[in-house]
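Protein sequences, first through last, are from chains A and B.
According to our numbering, the first sequence is numbered sequentially starting from 1.
According to our numbering, the second sequence is numbered sequentially starting from 1.
Keep in mind that the hints were calculated from the coordinates and are not lab data.
Certain hints may be false.
Note: identical chains are not told apart, hence a pair may lie in one copy or across any two.
Within a straight-line C-alpha distance of at most 20 Å, the following computed DMTMM-like cross-link-like pairs (lysine to aspartate or glutamate) qualify [said to hold, decoys possible]: (1) K44 with D84; (2) K44 with D58; (3) K44 with E87; (4) K44 with E25; (5) K44 with D13; (6) K44 with E60; (7) K44 with E28; (8) K44 with D94; (9) K44 with D66; (10) K44 with D17; (11) K44 with D24.
There are 2 protein chains.
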Amino acid sequence: MIQHTVTFRFAEDAQVDAFWTRVDELREIPGVQRFAVLRQVGSKNDFTHGLSMYFESDVEYAAYNDHPVHVAFVAEAWLPNVADFLELDYVVDDR
Amino acid sequence: MIQHTVTFRFAEDAQVDAFWTRVDELREIPGVQRFAVLRQVGSKNDFTHGLSMYFESDVEYAAYNDHPVHVAFVAEAWLPNVADFLELDYVVDDR
């Protein structure tokens, strides 16, 4: 199981309501589990929000990345509205 | 409920085994819930690991930060062994 996360902040001229409407489309992409919209509340960075979702394996994660809904989201909603972001992907460390 | 996360990478001369032994002490601090050690597997950043834990509220989070075990961990295990890190704290966005 892979947890895909991205933390981000909006651009000054972001169309925030339209952005969140497009975010909701991501929930429906096959393989996406436990999709969550988060607020980043820590004071030690400039990010304001986060998205988190889980995939069973790399296969589902790759299919999500390549899915037309995701590709269109990145081009039409993410890039025009997000000023800065960081993607972090986690697996439980079972040492 | 607040999720406190930190992603990080080790310094070149890190004493990794001793570091993880000290990490385990954090689990026992009062108020810490669902403590997890994570590997960061995404290729779009340089971090290699993460820690994640939940607190019921800011009260428990502040008590953790100020707890002697945490303060000693930061000074004796974190700072000498970690080359770079980013703390991100999340709450579910209930818009």
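Exercise. When no copy is named, should K44 and D58 be tagged within, between, both, or neither for a Cα gap of at most 20 Å?
Worked result: Answer is between: at 15 Å across copies they meet the 20 Å cutoff, but 31 Å inside does not.
For this session: Could you place K44 and E28 in one of the four classes (within, between, both, neither) given a Cα distance threshold of 20 Å?
Result: neither (33 Å within a copy, 24 Å between copies)
Exercise. Under a CA distance limit of 20 Å, which applies to K44 and D94: within one copy, between copies, both, or neither?
Worked result: The answer is neither: 29 Å in one copy and 22 Å across copies each exceed 20 Å.
Exercise. Which holds for K44 with D13 at a C-alpha limit of 20 Å: within a copy, between copies, both or neither?
Worked result: neither (24 Å within a copy, 26 Å between copies)
Problem set entry | Same-copy or cross-copy closeness of K44 to D24 [CA-CA at most 20 Å] | neither (28 Å within a copy, 24 Å between copies)
Exercise. Given a CA cutoff of 20 Å, do K44 and D84 count as a within-copy pair, a between-copy pair, both, or neither?
Worked result: both (15 Å within a copy, 13 Å between copies)
Exercise. Should K44 paired with D17 be assigned to within, between, both, or neither, using CA atoms and 20 Å as the limit?
Worked result: Answer is neither; intra-copy 26 Å and inter-copy 28 Å both fail.
For this session: Evaluate K44 and E60 at a C-alpha cut-off of 20 Å and name the case that applies: within, between, both or neither.
Result: Cα proximity of K44 and E60: across copies only (18 Å, versus 33 Å in one copy).
Exercise. Which holds for K44 with E87 at a C-alpha limit of 20 Å: within a copy, between copies, both or neither?
Worked result: Classified as both; 17 Å inside a copy, 7 Å across copies.
For this session: Go through the copies and call it for K44 and D66: within, between, both or neither, with a Cα cutoff of 20 Å.
Result: For K44 and D66, only the inter-copy Cα distance (17 Å) is at most 20 Å; the intra-copy one is 33 Å.
Exercise. At most 20 Å between C-alpha atoms: does K44 with E25 qualify within a copy, between copies, both, or neither?
Worked result: neither (31 Å within a copy, 24 Å between copies)
Violated hints, listed in ascending order, are 4, 5, 7, 8, 10 and 11; each of the other numbered hints is respected by the structure.
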